[in-house]
Amino acid sequence: MVQDDEEPDDGAVPLHHEDSVKNRYVPSVAALSIIRPSIGGQQTIADRAKVAMQGYLNRFLGNLDIVNSQEVCRFLEVSRLSFLQEYGPKLKEGYVMVKHLSNISQDSDVSCFPCNWFHCCNNSWKKVWSVLKPGFLAFLDDPFNNKPLDIMIFDILPYSNGDGGTKIFLADPVKERNPLRYTFKVTSGNRSILLRTTSSAKVKAWVTAINEASLRPLEGWCCPHRFGSFAPIRGLTEDGSQAQWFVDGQAAFEAIATSIQDAKSEIFITGWWLCPELYLRRPFDSFSTSRLDSLLEEKANQGVQIYVLLYKEVSLALKINSLYSMRRLFKIHENVRVLRYPDHFAARVYLWSHHEKLVIIDYKICYIGGLDLCFGRYDTPEHKVGDCPSVIWPGKDYYNPRESEPNSWEDTMKDELDRKKYPRMPWHDVHCALWGPPCRDIARHFVQRWNHAKRTKAPNEHGIPLLMPHHHMVLPHYMGRSKEIDIDEKKDKDKRKGIGRQDSFSSESPMQDIPLLLPQEADGLDTSNGDHTNLSENFPLSQKLEHETLVSDTQMKGFQDEVVPLNLGAQPVANALDDWWETPEETNDDITLEYGEVGPRTTCHCQVIRSVSQWSAGTSQPEESIHTAYCSLIEKAKHFIYIENQFFISGLAGDDIILNRVLEALYRRILQAHKDQKDFRVIIVMPLLPGFQGGLDDGGAATVRALTHWQYRTISRENHSILDNLEAILGPKTQDYISFYGLRSHGRLYENGPVATSQVYVHSKLMIIDDRIAFIGSSNINDRSLLGLRDSEIGVLIEDKEYVDSLMNGKPWKAGKFSYSLRCSLWSEHLGLHAGEISKISDPVADTTYKDLWSATAKENTRIYHEVFACIPNNQIHSRAALRQSMVHWKEKLGHTTIDMGIAPDKLVCHENGEIKIIDPIDRLKSVKGHLVSFPLEFMREEDLRPAVIESEFYVAPQVYH
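Heads up, the sequence shown is in UniProt numbering, so the first residue is 1 and it goes up one at a time.
Hints were generated in silico from the structure; no laboratory data involved. We put the CB at the ideal spot given by N, CA and C, even for glycine. Among these hints, one or two may not hold up.
With a Cα cut of at most 25 Å, we get these calculated DSS-like pairs of lysine-lysine [claimed, not checked]:
| hint | residue 1 | residue 2 |
| --- | --- | --- |
| 1 | Lys421 | Lys454 |
| 2 | Lys636 | Lys733 |
| 3 | Lys926 | Lys907 |
| 4 | Lys421 | Lys859 |
| 5 | Lys907 | Lys917 |
| 6 | Lys147 | Lys99 |
Label pairs and their in silico Cβ distance ranges [stated by the list, open to error]:
| hint | residue 1 | residue 2 | range |
| --- | --- | --- | --- |
| 7 | Ala209 | Tyr56 | 22 to 32 Å |
| 8 | Asn913 | Gln876 | 22 to 32 Å |
| 9 | Pro401 | Pro958 | 17 to 27 Å |
Please model the complete structure; the sequences and the hints are all you need to start from.
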C-alpha cells in the first residue's frame, strides 16, 4: 500500500506517559510485497491482489494490540464513541486542530522547539480528536477517551443572515491569508469554534459532513419543527413514545421515588426550587428512606452519576435559598454534581428565572410538569388544610406562603406556622411521565442547559463535566424503522457475551449501530418521490394532516405559517392542522378507564416544546414554541378548551404592554363560534389569589396587589380584558362561552379544633382541547413564560392515538384515552364525584354538564363558603376600605383569623324556612361538593392595585409581574 499524498498525517500524535497498547508503534505505510504484473494476466493479478489485501487486513485487524493504536484509529476513523448506540450512528471522525480549548492539557500542544523559549508560535491551537454525531460535535483528547474536552450541541439555525440573502449553515470554510492553512468554522447557538486540518479536501469533507448531519430531514436539530420547536413530533411510528399523567403531588412523587430507586446510570434533575430534605412518600415517619437526599445518596453510592441544575435566585426577592440546597447536595457524594445558574452580575440576568421542573432517569423515563421537588407541593386529592400533630407534612413542609415564608431553611423539621392557628395552603398540580424519544428530547434540553451553565460558571472546574446528549436511535419512518432500540437490553446482552468496550472496540456492529449507513426500505413505501400518504394507515389522524405535517416538518419555510403570535390576523395557523380532530382512524372501544391520581400509560404523539433564549440555554435565537403552540391549538379547537394555570395574564391584539397573544386566540375562537352559532366552551381554573405573602391591604403586599391587577386586567377590567370585549358583542351570552373558577378546601386544624378554609393553590400548567390533545408543562400563561426571552420553560404536547367512546354536545365522540381520562380525573376531584358518577361529566359541552353541574356546583360551593367564613376574595368586597372593615369585624368576633379570613366561628347562625338556627359550621360545610368555586370577578373592582409611588415595587420593571 502506498501512502496517499492527499491525506498527510494531521501533525504529530501526542504520546501519553503511561505504557499502553494504544501507543504501540504502527507504521503508516503497509508492508505488502510488490506483485509484478505479467502480460495477459491482469485479471489474475487483480484476484491475487484482492486475496493478498484481505489476508493482510485480517491479520492486521485480528491483532488487538495493533488495532488499539492511534494510527489505526486515525486510518479507520473510529474511537470509543463510534459505535456506542446511545450517541447515535457513526458519522465522521478524525484529528483536527481547534483554536483555544483552555481545558486541554498542555502536553497536547503542538509547537516548535524554539517556541518554548521565545514563544514564536501561537499556542492557542490544540490538537484533538473530533467526533461528529447526529446531534453534536465532540472534541476528545484522543480516540480512546470518552470524556469530551468540549462539545457543540446542534441547535436551530436562522434561515438567513438577516438581510433575506445568504442561508446560514452550521459549518463554513474560512479563507485564510496563509494558503497553507485550511480552516473551517462551526457555529451553533451563541458559540463559534475555528478548526484546522491539513488539506482543502478535508475541510470540504468536514463541512459537508457536519451540515448534512445537522440538516438531515425530520431528525436534523438545526431545522425548526412544528411550532418552531427544537424537537420533532414523536410517535408518528411505533417508536415507543408513551405518556402517563399524575394528578397532585402524592402520585407524582411516589412515581419519581420509584424511578430514582431503579436508576442504573444517570439522573438529571432541574427545578425552580429543590429541597433535599423533601419526603417523597408519606407518612414521613414510615418512609424515612424516601427523603430525596437519602434516595440520591443510595444511588450515588451505587455509582449512578447525578446532575442537579438549580435556579440561582436573587436572594433579596426570593427565599428559596438555592445555596443551602447546593451545599446539602454536595455533601451527599462525589457522584452528585450541582450547578446553580445564572450568575446575575456576570450574565446580567436579574429579572428572569429557570422555571422548568424535570427529573430524567437513564434517558428512559422523565417527569415533566408543574411540580418542583420542594416543600409545600406534596398533596392528595382531599387537599387537607390541617395536620396536627404532624403526620403528613413535617416541619416547614406545612407550608402556607400567604401567611409566612420561612426566613431560614437550616432546620427543616422545625415548624414555621402554628398548626393550631393557621391552615396549610393545599396545592393542586399536574405532572406527566414520558418514555421513548420524547424523554431523550427533554434530556437533550437538560444537557444543553447544563453545558451552557458549565461554560459560563465553571469552565475550568474538572469536577463538573460536560455532557453529551443521547440519540433516540430510531430511523425515520420513511426509512422503514418502527421500533426504538432498547439500549439497556443491548448492553445486558453485551455483558452476557463478555464484550467489554473499556478494553477494546467491539467488533460487533449491528445494523442498529449504523442505521443511516445501512437503511432499510419501508415495506410498500416508495420514498423516492416523497409520498408519505400510505403511512396514514397507522396514524389516527387524517391523511391530509399526516402528509402536510411531515412536509412542513422538513421545510424551514413551511414552518413559518405556524408562527401565529406575531400576527394573528394573517393566514390561519397551520393549515396542515385543519383536520386534527376529525373522526380517528384507529379506535379501541373496549378500553376501560380508571379515574384516580394516576393515568393509564398510553402510546401517543408527543412533541416537546419550550421557551429558551441566549441567556438561558445559549441558543442563537429565542424559541417560543410553547406560545406558538398555545395560539395554534386554541384556534383549531372544535368544541371546548379546558385550562388550569397558576397565572392568566395575556393581551389582545394592539396591547403594547402584554405581548403574548393567548387571550387574542381565545377571543377570536369564541367570536368564530358565535358567528357559526355553535356551542363552544372555555373553562379556566386558576388561583383565587397569588401565592405570595401578605393580605391585599397589607403595606408589604404590593407584589400581591400588582399580580392581582394584571390578572383582572386580562379577565374583566379595562378595555384590554376579554370579558369586556366579548360582552360588548355577545352581551349576556358571554358566560355561555367562557368562565373562570378557583378551588377551595376546608377542615378542622386538629381534632375538635377550629374550622378553617384556604384556597387550593392551582399550580398546574395544563390545557386540554376536545378530549384529544393535552399540554402539560412548566409554563404559566404570562409574558415571562411564553416569550422565550424571559423565563426558561419546557412542556410536552400530547396527541392521543388510542380512543374511547364518549359524547361531545350530545353527539358520539371518539375521545383520546390520555386527554379524556385526565379531564375526567380532574373534574371528578373538583366536583366531588364518585367513580360511578363519571358519566355525568363525559360530555363537557352539554348544558347538563357545563351549566347544571359544573357552574351550579361552583356557585353553590361559593355561597356556602361565604356564609360560613366570609373569606376573601369575594364579590362583596370592592375596595381596600371595605376589606379593612371586614377584617376588623371578624377579628373582633373571633379573636383570631387568617390573612384571608379563613377561620369559621364556633357556632353558625343560619336562616332556614324563616327560622333562625344555630349549627356547627362543619355541618353546613358538609353540603360543599368537591373544591370548585367561582372566581370573584367583582373583587376590588374599585381599586387601582398597581404599586404606588411610595412603594419600592413601583420602581421595579413592570415586566417582572407579567
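Hint-by-hint comparison with the structure:
1. Lys421 to Lys454: violated, 46 Å
2. Lys636 to Lys733: holds, 22 Å
3. Lys926 to Lys907: holds, 15 Å
4. Lys421 to Lys859: At roughly 28 Å apart (the allowed maximum being 25 Å), lysine 859 and lysine 421 break the hint.
5. Lys907 to Lys917: Holds, at roughly 10 Å.
6. Lys147 to Lys99: holds, 19 Å
7. Ala209 to Tyr56: 22 to 32 Å: holds, 28 Å
8. Asn913 to Gln876: 22 to 32 Å: holds, 24 Å
9. Pro401 to Pro958: 17 to 27 Å: Cβ of proline 401 to Cβ of proline 958: about 22 Å, so the range 17 to 27 Å holds.
Of the numbered hints stated above, those contradicted by the structure are hints 1, 4, listed in ascending order.
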